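There are 6 protein chains.
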Amino acid sequence: MTKRYVYISGEFVVEEDAKISVNDSAVLLGYSVTDSSRTFAHRPFKIERHVDRMYKSLKAARIDPGMSSAEMVRVTCEVTERNLEGLESHQDLWIVHTVSNGQTRLGPDPSVRESGATIIISNPFLDLRGWAGYYSTGCHAVTSTSRAIPAQSLDARIKNRSRMAYTLAEAEVKLVDSNAQGVILDVNGFVAENKGGNIFIVSEGELLTPTTVNCLAGISRETVLELATKLSIPTRETTLLPYDLYTADEMFFTSTPYCMMPATRFNGIDVGAGEVGPITKRLLAAWSELVDVDIVQQAREQR
Amino acid sequence: MTKRYVYISGEFVVEEDAKISVNDSAVLLGYSVTDSSRTFAHRPFKIERHVDRMYKSLKAARIDPGMSSAEMVRVTCEVTERNLEGLESHQDLWIVHTVSNGQTRLGPDPSVRESGATIIISNPFLDLRGWAGYYSTGCHAVTSTSRAIPAQSLDARIKNRSRMAYTLAEAEVKLVDSNAQGVILDVNGFVAENKGGNIFIVSEGELLTPTTVNCLAGISRETVLELATKLSIPTRETTLLPYDLYTADEMFFTSTPYCMMPATRFNGIDVGAGEVGPITKRLLAAWSELVDVDIVQQAREQR
Amino acid sequence: MTKRYVYISGEFVVEEDAKISVNDSAVLLGYSVTDSSRTFAHRPFKIERHVDRMYKSLKAARIDPGMSSAEMVRVTCEVTERNLEGLESHQDLWIVHTVSNGQTRLGPDPSVRESGATIIISNPFLDLRGWAGYYSTGCHAVTSTSRAIPAQSLDARIKNRSRMAYTLAEAEVKLVDSNAQGVILDVNGFVAENKGGNIFIVSEGELLTPTTVNCLAGISRETVLELATKLSIPTRETTLLPYDLYTADEMFFTSTPYCMMPATRFNGIDVGAGEVGPITKRLLAAWSELVDVDIVQQAREQR
Amino acid sequence: MTKRYVYISGEFVVEEDAKISVNDSAVLLGYSVTDSSRTFAHRPFKIERHVDRMYKSLKAARIDPGMSSAEMVRVTCEVTERNLEGLESHQDLWIVHTVSNGQTRLGPDPSVRESGATIIISNPFLDLRGWAGYYSTGCHAVTSTSRAIPAQSLDARIKNRSRMAYTLAEAEVKLVDSNAQGVILDVNGFVAENKGGNIFIVSEGELLTPTTVNCLAGISRETVLELATKLSIPTRETTLLPYDLYTADEMFFTSTPYCMMPATRFNGIDVGAGEVGPITKRLLAAWSELVDVDIVQQAREQR
Amino acid sequence: MTKRYVYISGEFVVEEDAKISVNDSAVLLGYSVTDSSRTFAHRPFKIERHVDRMYKSLKAARIDPGMSSAEMVRVTCEVTERNLEGLESHQDLWIVHTVSNGQTRLGPDPSVRESGATIIISNPFLDLRGWAGYYSTGCHAVTSTSRAIPAQSLDARIKNRSRMAYTLAEAEVKLVDSNAQGVILDVNGFVAENKGGNIFIVSEGELLTPTTVNCLAGISRETVLELATKLSIPTRETTLLPYDLYTADEMFFTSTPYCMMPATRFNGIDVGAGEVGPITKRLLAAWSELVDVDIVQQAREQR
Amino acid sequence: MTKRYVYISGEFVVEEDAKISVNDSAVLLGYSVTDSSRTFAHRPFKIERHVDRMYKSLKAARIDPGMSSAEMVRVTCEVTERNLEGLESHQDLWIVHTVSNGQTRLGPDPSVRESGATIIISNPFLDLRGWAGYYSTGCHAVTSTSRAIPAQSLDARIKNRSRMAYTLAEAEVKLVDSNAQGVILDVNGFVAENKGGNIFIVSEGELLTPTTVNCLAGISRETVLELATKLSIPTRETTLLPYDLYTADEMFFTSTPYCMMPATRFNGIDVGAGEVGPITKRLLAAWSELVDVDIVQQAREQR
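Residue numbers (our numbering), protein chains in the order written: chain W, 5 to 307; chain S, 5 to 307; chain R, 5 to 307; chain D, 5 to 307; chain U, 5 to 307; chain F, 5 to 307.
Do not take every clue at face value.
Identical copies go unnamed one by one, so any copy, or any two together, can satisfy a pair.
Calculated cross-link-like contacts (lysine-lysine; reagent style PhoX-like; alpha-carbon spacing at most 25 Å) [to be verified]:
{"hint": "1", "residue 1": "K7", "residue 2": "K63"}
{"hint": "2", "residue 1": "K234", "residue 2": "K7"}
{"hint": "3", "residue 1": "K50", "residue 2": "K23"}
{"hint": "4", "residue 1": "K234", "residue 2": "K63"}
{"hint": "5", "residue 1": "K50", "residue 2": "K234"}
{"hint": "6", "residue 1": "K285", "residue 2": "K234"}
{"hint": "7", "residue 1": "K23", "residue 2": "K7"}
By construction, these hints were calculated from the structure, which means they are not laboratory data.
All values reported here derive from a predicted model rather than from experimental measurement.
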């Protein structure tokens with residue numbers, strides 16, 4: 005595999021050497037905004053939409069990136085193109101942005117900047133092996149004990165890197181099953197999100213997902229809703245509870261790398277008949293068609 | 005000023021070159037634990053207590069530092085001693101620890117480690133000028149709109165670097181007054197903590213501070229409680245509301261760098277008579293005596 | 005300017021002499037219901053709808069006004085007509101109702117009445133100068149620390165005069181900017197209402213406002229929703245969070261006196277491009293047309 | 005009975021003529037602070053303590069009374085003395101303060117003042133007949149459906165006149181029993197307070213009452229705690245739930261006019277044996293002794 | 005009246021002798037799921053839908069009934085047919101299922117089974133006299149102090165027999181009026197459900213009922229929504245508050261035995277004009293037509 | 005082993021035949037109160053205290069048992085003595101009470117009684133083998149996803165049999181580890197209780213347990229607090245969070261059958277050093293001494 009480069013505030017650095025100061029506000033304060041897209045058959049997916057969302061995050065997070073969103077799209081495509089060189093045709097890349105408030109120092113005002121924003125654009129190789137098996141068997145969805153951070157503390161729609169709460173939630177979930185994927189509830193016990201994805205169920209023919217009051221407004225989530233509409237599958241954004249998941253006919257997660265990950269068990273109980281369901285399959289097929297990549301096939305082959 | 009070194013997982017690096025990988029879990033996930041101590045007259049203050057607390061944070065955060073707490077104390081003292089060399093006698097240093105879960109990669113399990121824990125020990129110069137004026141005039145304490153992250157999402161006693169919520173809270177506070185210091189409330193509206201400190205009031209002769217249900221169990225907080233007991237000032241850990249702050253006789257923050265920072269206004273209203281109060285002064289004097297450094301004097305002179 | 009009269013329980017009194025007993029339940033208990041309408045070009049606006057809403061408030065507040073709603077409309081028009089006499093054509097009046105439970109006395113049952121309900125109908129001169137500038141520049145919307153009273157304590161749809169919480173919230177907001185207008189959140193951190201108005205945003209072409217679970221069901225709010233439907237602007241009553249306001253394209257308040265007040269900053273951050281937006285302008289123009297008064301023009305001229 | 009005078013912002017007015025403008029912020033906004041004391045045998049009770057508490061309310065309510073607390077005590081005593089003239093020796097008076105933010109007008113800033121603060125001091129005749137029977141039989145304590153306003157909306161310790169929520173709660177309670185006295189729970193279901201009093205129980209020999217997190221810090225409450233300490237009855241400020249009241253041995257309310265009001269039933273269930281208990285009686289006797297008035301006797305005779 | 009039989013785990017027992025072990029998990033743990041249907045003119049109503057819902061409850065409650073849902077329907081019809089024998093034509097029966105986790109014993113794991121599931125199918129005589137009067141006069145709806153169990157503790161859609169909270173809520177309601185029917189609020193103060201029924205209001209021509217976030221997804225509720233759609237009455241599942249009930253035009257409960265029970269007072273206040281409303285009547289007539297039984301007539305005659 | 009008898013409302017029945025009607029309110033409504041004591045060396049332990057607590061539960065649950073508490077103690081001892089006959093000296097018995105509201109029927113008032121209260125007193129053999137191993141190795145404490153029922157829905161101090169929520173919580177916990185014992189959090193995320201026990205930790209030499217705001221006031225809990233006081237171990241009833249358990253030095257559960265059950269892991273993390281701690285051992289030894297039975301020894305031998 006050829007070397008991949010990371011863009012750091014204007015510089016291109018080989019991934020192994022891509023580092024930031026220990027005084028960066030990303031390190032000292034977890035004060036950084038992020039977004040993750042990917043390529044499909046070497047084409048960036050909805051990159052403007054991703055950057056647009058990241059600029060909403062930046063605005064709400066009071067970070068001035070020092071670069072327009074159009075410029076960000078341009079640079080992102082340039083970096084990604086560079087990293088795609090030499091990649092085999094069945095392989096794809098992440099497109100990961102991290103924008104912090106730049107270097108800072110400990111003092112009475114944590115937003116004091118000793119530098120401009122730190123902008124990191126990287127293209128990790130999209131290794132889907134960890135998820136590949138779930139397309140056929142489904143994963144085991146499990147609720148964590150830790151609850152999602154409420155919006156009045158930090159809105160989940162600000163896609164950020166202060167993610168320790170979500171990392172710990174996922175660790176709790178792994179106590180049940182090392183292959184478990186987390187379902188994080190909010191402080192009311194309503195289904196919120198996965199550590200890095202959104203949650204959908206199919207119930208009596210309808211596709212349901214939480215509103216974004218307690219979760220990220222995922223681009224993959226948006227894509228599934230668009231595909232469902234195209235396929236005339238009724239959709240509704242609503243409040244979901246564990247009961248809904250226990251009694252659902254189908255269930256899946258959505259996220260940038262794997263697009264859709266079926267779940268066939270929830271807290272030890274079969275979802276529906278315990279198999280990947282027909283609506284999940286139709287949506288996944290429609291997505292594959294949309295991007296002209298057989299998503300399941302790629303996950304199995306990739307490497 | 006002589007160069008200061010940063011210890012990073014066994015290496016000593018000059019501060020300007022102290023960097024960590026963009027794939028460190030501290031950067032990718034905000035998944036790191038921290039603690040801050042300082043020296044007084046070149047002597048580390050309660051360093052065992054600080055390290056002990058950090059090991060509690062590490063345990064609850066499921067991070068294995070790969071080093072015993074005794075060893076951590078030893079290394080910390082060694083690093084600090086090295087950095088104290090050449091420092092003028094009236095100057096002091098921070099002692100800052102950051103321990104992340106090491107390098108990771110994007111995938112189904114965020115706790116997968118590609119390296120051992122990342123251990124950073126640094127000694128930024130203790131520049132107290134930003135706070136110095138508050139010892140005589142008091143600062144303006146202001147409540148933020150954003151609320152403290154509830155313990156069921158992430159316990160504040162795990163002193164961590166996923167601090168974006170607190171950074172944004174502080175930014176909101178600065179809208180009122182660029183010299184404001186934040187009072188963050190919890191989701192019930194109870195007084196929780198400052199972005200990096202604890203909150204005390206004096207009311208009818210009693211020293212009051214929130215229990216640690218919604219805030220960090222600060223070592224400075226602990227020190228003030230000990231000093232008060234020594235001075236026969238009655239203390240109580242309780243639930244505080246903005247009303248208590250509006251009607252308090254005295255108010256102050258506590259934190260590692262400044263020890264105690266008097267607040268003489270709260271949301272635009274004078275605390276007591278709007279002056280630094282006698283109990284605050286007695287406690288600060290007792291602290292100066294304890295560490296054999298005139299804390300106020302040092303803050304003014306230090307440079 | 006000619007004298008204006010206040011109707012107090014059957015009597016007409018010159019405004020300066022309009023007084024109520026210190027033993028009135030409005031004074032002793034804040035136990036009174038209110039409603040505010042206005043005239044446009046000397047015509048009362050939606051007066052039946054206002055009175056109808058007030059009678060809902062009265063019912064839920066267990067106050068028997070001793071007068072049918074039809075009679076209330078009749079009396080209101082009579083009072084208003086009287087006060088309109090001699091007013092210049094470009095000037096207009098408030099129509100303000102206050103109905104308390106009448107005189108009471110301190111004792112075991114606060115609903116004991118020593119008199120019939122106190123009914124006050126007044127027509128303060130509609131002085132819009134305080135708001136006039138906002139039509140072109142927009143105001144600065146700012147969140148208060150104090151939270152809206154939850155419906156399980158007192159439903160905001162009972163339009164009442166126990167408004168100290170809202171008055172204090174507005175005072176907090178003025179700490180940020182003396183021209184700030186308050187955005188009061190509910191105890192979940194969801195956007196509720198302004199001290200005397202409702203809140204709207206435009207986001208991706210859609211007009212959004214909170215459901216009435218946590219705010220007054222304003223007649224101005226209702227009017228904007230009707231106008232939007234007429235103009236084929238999609239509308240949705242939903243749950244809004246500060247994030248929605250930070251990332252909105254447009255924002256405005258609605259209330260009886262000013263109809264619509266654009267907001268171009270929210271907590272120090274520009275709403276959209278920081279200018280009054282096109283949908284706001286279309287709605288305001290439609291309202292002007294509806295009432296045959298150039299609302300913006302009137303605010304500027306009125307004096 | 006001789007005429008009583010009301011002090012209104014410097015004027016003495018006969019009670020029947022004591023009125024305030026309909027534009028007073030007390031009427032328009034419920035924006036006023038209050039306090040109630042009384043005389044015992046013609047001697048004002050703890051009047052400095054009451055005024056001190058009112059000045060805390062005023063501070064937190066951002067109302068400048070335009071008069072020092074010492075001056076307020078002086079004026080209060082003068083008014084009360086005047087009203088005591090001619091009163092029979094077994095009769096006593098309320099001492100009621102109301103301080104509003106003065107006259108205001110409808111506009112963008114509700115705290116705009118068109119006058120100085122409105123200060124009302126009145127001495128209603130202390131008619132205790134409504135409560136007199138409860139000293140021997142106890143009242144029926146009943147929980148309301150409406151919940152106390154949470155402190156993050158408006159702190160109950162700001163003794164204010166925006167009391168519609170509490171008035172409605174009391175009306176709900178009267179649906180159960182026209183002699184019922186209300187027990188208002190907070191939004192967590194914890195016992196908060198009565199519409200105008202505090203709540204105590206005796207359980208296993210200990211005297212318990214809620215902390216002031218959710219209720220007024222009543223002077224009568226304080227007095228009972230002091231008397232209990234004098235009588236060596238252990239006391240604890242804690243969290244109380246309906247279960248505690250159902251299973252208590254004794255229960256009573258405290259408030260300025262009646263001092264202590266025993267409750268012998270709670271939501272239809274006997275408190276203890278359904279009789280006024282021994283600790284209640286001891287405390288009441290101690291209070292009578294403290295003020296040199298037989299409180300029970302007075303309530304029965306007074307007229 | 006002829007004897008009725010109860011089916012208990014395969015046995016048919018005369019009702020008087022129908023008993024279960026004191027070690028059954030239904031008795032020891034309240035660990036049982038239930039469902040109630042009825043016959044109309046001797047025909048089971050929506051029995052598949054009821055059994056389907058019960059199987060959702062069983063799944064979420066982790067109880068394996070040891071019998072397929074098809075078999076459950078078959079057995080249920082058999083039992084019911086047997087009990088219908090000899091019944092007069094104007095009389096009908098309940099169809100009540102209770103499925104517990106079988107016998108258990110006290111120990112570290114309460115789900116340990118000492119037997120298969122206990123399945124009870126009974127057909128109590130449908131005695132509607134207690135409700136009959138409400139069809140013409142309406143009942144008095146009253147809120148309880150106790151709040152519905154939140155879904156994060158136990159989802160109300162798991163129709164279960166751990167109903168002590170609901171029984172106590174109903175007892176509280178009876179303190180107001182021995183003919184009162186309970187309106188249980190959830191912990192946010194939102195209208196949830198009746199002890200055994202759902203709640204509807206009619207407001208401005210629209211039929212409103214709470215979403216199932218806080219209440220049972222009743223089959224009667226579902227039937228009313230279907231009938232309304234057939235009758236072109238607009239319907240909406242939403243959040244309801246006491247204010248909505250105070251100001252509603254009509255109100256009714258739904259439940260298996262009585263289908264619809266009008267409420268004409270709510271907490272002592274007339275709902276609408278205090279009479280059974282026209283939309284309620286139309287829906288009830290439509291239901292009678294659907295099942296070919298005059299529901300009101302039957303309730304009056306039945307005996 | 006000889007036959008044991010169960011007392012059911014005045015009758016003595018062999019355990020296998022001990023049954024109650026399917027129309028009992030315990031079965032139909034989960035409407036029953038319970039209490040569990042045990043014998044030590046054939047002597048009932050704190051039986052008056054247990055019965056006293058049950059009578060508090062009965063009072064708050066509005067169930068009239070039709071028998072005084074003194075009579076209940078007498079009958080209980082009689083039943084127990086009868087069942088102790090023939091038991092080997094190292095064996096002991098449970099003493100389990102269940103009191104339901106008697107037989108009922110489905111109708112508008114669930115508290116209607118068709119019989120007197122149902123009183124069940126049974127003495128299951130005290131088989132401690134399921135817990136015996138934990139005395140030396142400690143169990144694995146695990147948090148459930150389901151949260152404790154809040155007191156405003158049903159106070160946990162009413163020891164009742166509507167325990168489905170707790171049974172399901174325990175089932176969730178067993179997903180992590182079949183030997184796990186549940187730690188149920190309340191809706192704030194605070195540690196509440198185990199499905200049938202209380203929770204203690206030792207932290208910095210102090211013995212801590214939650215206040216009874218969210219959990220049963222266990223007699224075993226009370227006994228441990230008494231023993232600790234005797235042993236001069238400082239105790240505190242407080243608010244505990246998962247963080248406290250992760251960082252505790254020792255942890256144990258208390259409940260009637262096993263008295264104290266050490267926990268050496270919490271959610272996969274060692275409690276202290278992962279071994280049964282010294283204070284736990286001292287308390288357990290003191291309890292053995294108190295009852296003159298070697299509790300650990302008995303658990304291992306009993307059969």
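Verification of the supplied hints:
1. K7 - K63: For K7 and K63, the Cα distance exceeds 25 Å both inside one copy (34 Å) and across copies (37 Å).
2. K234 - K7: neither (40 Å within a copy, 58 Å between copies)
3. K50 - K23: neither (28 Å within a copy, 32 Å between copies)
4. K234 - K63: neither (32 Å within a copy, 33 Å between copies)
5. K50 - K234: within (17 Å within a copy, 34 Å between copies)
6. K285 - K234: Within. Shortest intra-copy distance 15 Å satisfies the 25 Å Cα cut-off; inter-copy 34 Å does not.
7. K23 - K7: both (16 Å within a copy, 21 Å between copies)
Checked against the numbered hints above, the structure breaks hints 1, 2, 3, 4 and satisfies the rest.
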